[in-house]
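S.K.: So the chains spell out like this:
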Amino acid sequence: MSLDVVRPGALTTVQDLGRPGHAHLGVPRSGALDPYAHRLANLLTGNPPEAATLETTVDGTALRAVTAVTVAVTGAPCPVRIDGRPAAWGAAVRVPAGSVLDVGRAVSGVRSYVAVRGGIDAEPVLGSRATDLLSGLGPAPLSAGLTLRIGAPRAHSTGADALPTTAPPAELVLPLRLGPRDGWFSAEAVQGLARARYRVSSASNRIGLRTEGPPLHRTTHTELPSEGMVLGAVQVPPDGLPVVFLADHPVTGGYPVLGVVPEAHLAAAAQAVPGTPVIFRPLHQRT
Amino acid sequence: MSIGMRALPMGEHALLIELGSAQDVEALHAELLRRRDAGTLPAVRDIVPAARTVLIDGLDRPRDFAEQVIHWTVPPLAAEEGPEITVPVRYDGPDLAEVASRWQVDPADVPRIVADTPFRVAFCGFAPGFGYLTGLPARFQLPRRATPRTAVPAGSLALAGEFAGVYPRSSPGGWQLIGSTDAVLWDPAREPAALFEPGTRVRFTPVGAAR
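Line by line, the protein sequences are chains G and H.
The opening residue of the first sequence carries number 30 in the working numbering; numbering runs sequentially from there.
The opening residue of the second sequence carries number 2 in the working numbering; numbering runs sequentially from there.
Since the hints were made in silico from the structure, they are not lab data.
This structure is a prediction, so every number in the text was calculated from the model and none was measured.
Careful: at least some of the hints might be erroneous.
Ranges of calculated distance between the beta carbons of each label pair, as one might list FRET restraints [to be verified]:
no.: 1; chain 1: G; residue 1: Ser-215; chain 2: H; residue 2: Gly-21; range: 24 to 32 angstroms
no.: 2; chain 1: H; residue 1: Gly-175; chain 2: G; residue 2: Glu-200; range: 36 to 44 angstroms
no.: 3; chain 1: H; residue 1: Arg-103; chain 2: G; residue 2: Val-136; range: 57 to 65 angstroms
Here chain H is said to cover these stretches of chain G; the calculated rule only asks that three of the stretch's residues, wherever they fall, bring their Cβ under 8 angstroms from a Cβ of chain H [to be verified]:
no.: 4; region: 54-67
no.: 5; region: 137-148
no.: 6; region: 251-257
no.: 7; region: 297-306
Negatives, chain G to chain H, calculated, CB over 10 angstroms [said to hold, decoys possible]:
no.: 8; residue: Pro-49
no.: 9; residue: Pro-168
no.: 10; residue: Gly-288
no.: 11; residue: Pro-291
no.: 12; residue: Glu-292
We treat Cβ as the ideally placed atom computed from N, Cα and C, and that holds for glycine.
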């Protein structure tokens with residue numbers, strides 16, 4: 030079973046739950062930026078959560094089914110068409126052999142997920158099929174003419190019916206657990222953070238959500254020796270504009286981390302389109 | 002012997018342990034691995050040593066762990082502790098002459114100086130399989146190049162500041178290149194994928210071009 034790539038889209042990658050546990054070797058965690066949408070797409074097609082899906086960026090993708098397949102599109106809402114005829118988003122749909130599944134441009138949000146019953150069967154690297162754009166591990170992003178192999182479906186598995194999903198955020202509110210380097214910033218910068226208004230920058234990618242807004246003033250100007258980074262860390266480079274680390278973030282970094290956004294809020298960050306207002310809400314536990 | 006530590010919370014499930022020196026980092030890292038192997042460490046996802054810190058990520062109860070770890074007795078790392086590997090090097094790097102000149106030695110002496118230096122992988126980062134190796138005496142420590150190269154060939158043995166390293170694959174880089182190796186630093190199909198893991202001792206032996 031396989032799918033041929035007709036239109037790769039701006040950036041479509043293979044993603045799963047990533048490859049945690051290798052950070053000490055310099056290997057990012059990677060994996061789906063919106064893990065809820067990834068899991069939901071798998072659930073709808075009867076796949077286990079670790080099955081690989083496709084993560085699109087803004088303008089979707091188009092795939093020709095070489096053999097009949099069952100697919101589900103979740104994440105950023107978008108028109109779904111099979112040979113030009115409208116099909117359901119957020120539900121399992123059958124694509125007959127030879128037909129083209131077109132995952133359209135996101136109506137809201139950034140990243141749609143396409144699960145195929147059986148999962149995308151790329152070669153695993155360190156136990157994961159995820160494309161890591163920082164270090165180049167995993168399969169290359171989709172390109173026109175590429176053939177994607179599909180794995181064997183689980184025996185006796187049936188997909189769930191359509192499930193409720195949440196809409197991408199009109200305003201991104203990110204709780205922030207302060208530390209470990211909040212002491213490197215002025216008290217005014219930290220206290221004023223909740224009132225400061227940022228916007229999602231168009232320079233955001235799988236490595237980090239970049240922001241535009243008032244620069245945060247540092248009071249410590251010594252160079253920070255590189256230290257370990259975590260998912261959701263809000264690193265502040267010399268320009269003072271916070272960067273929220275997403276799945277492909279580097280395992281170490283040399284700029285101070287003001288605080289950490291809890292993992293549960295990062296899917297919304299991954300779906301926030303450029304220009305979306307961002308509000309950091311510090312959880313006051315200054316160290 | 003106890004070493005000075007500061008445990009800083011980093012999010013809901015991680016602790017960043019700050020230490021006074023690279024030696025203390027290596028000692029705590031070794032102690033964490035010993036305790037993990039002995040089954041006395043709480044479940045963690047990642048233990049990531051760096052220049053002056055060790056990150057422990059994936060803890061269920063980071064606060065409780067912070068209370069414990071700062072009271073640990075951490076023995077200094079013995080020089081012979083950890084696996085040792087030998088990496089053959091050709092001294093054909095484009096910066097060899099400049100490095101020798103800054104060291105105030107003849108270029109022909111560089112291979113011996115490097116071979117006599119016991120290196121240890123302090124931590125990894127930058128790219129999968131890129132290890133930051135400590136051990137270089139202070140008088141041999143050099144700044145990075147003023148202008149980084151856009152492409153450093155895979156296998157290049159390089160120096161910068163207190164560190165030595167080998168580029169696992171071709172990438173941009175600002176370190177001083179003194180030689181090259183055919184050793185495969187990173188192979189995801191191999192177990193372990195990385196030749197250099199934190200704690201590994203490394204000996205660079207000259208081949209061929211060391212005439």
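S.K.: Against each hint, give a clear statement of whether it holds in the structure.
M.R.: Here's how the hints hold up against the structure:
With their beta carbons about 27 angstroms apart, Ser-215/G and Gly-21/H fall inside the hinted range of 24 to 32 angstroms. For the hinted restraint 36 to 44 angstroms between Gly-175/H and Glu-200/G, the CB-CB distance of approximately 41 angstroms keeps it satisfied. Under the hint 57 to 65 angstroms, the C-beta atoms of Arg-103/H and Val-136/G, about 60 angstroms apart, fit the expected range. With 3 residues bearing a CB less than 8 angstroms from a CB of chain H, the region 54-67 of chain G meets the requirement of three and the coverage assertion stands.
Counting residues of the region 137-148 of chain G whose beta carbon lies closer than 8 angstroms to any beta carbon of chain H gives 0, which falls below the threshold of three, so the coverage claim is violated. With 4 residues having a Cβ less than 8 angstroms from any Cβ of chain H, the region 251-257 of chain G passes the three-residue criterion, so the hint holds. Residues of the region 297-306 of chain G lying with their CB closer than 8 angstroms to a CB of chain H number 0, which falls below the three-residue condition for coverage. A beta-carbon of chain H is positioned within 10 angstroms of the beta-carbon of Pro-49/G; the least distance is around 5 angstroms.
With 10 angstroms as the threshold on Cβ separation, the claim that Pro-168/G sits away from chain H holds: the shortest Cβ distance comes to roughly 12 angstroms. The beta carbon of Gly-288/G sits about 8 angstroms from the closest Cβ of chain H, which is not more than 10 angstroms, so the claim that it is off the interface is violated. A cut-off of 10 angstroms between C-beta atoms contradicts the statement that Pro-291/G is not in contact with chain H; the least separation is 6 angstroms. Not every Cβ of chain H is farther than 10 angstroms from the Cβ of Glu-292/G; the closest lies at roughly 8 angstroms, contradicting the non-interface assignment.
In terms of the numbered hints stated before, the structure departs from hints 5, 7, 8, 10, 11, 12, listed from lowest to highest.
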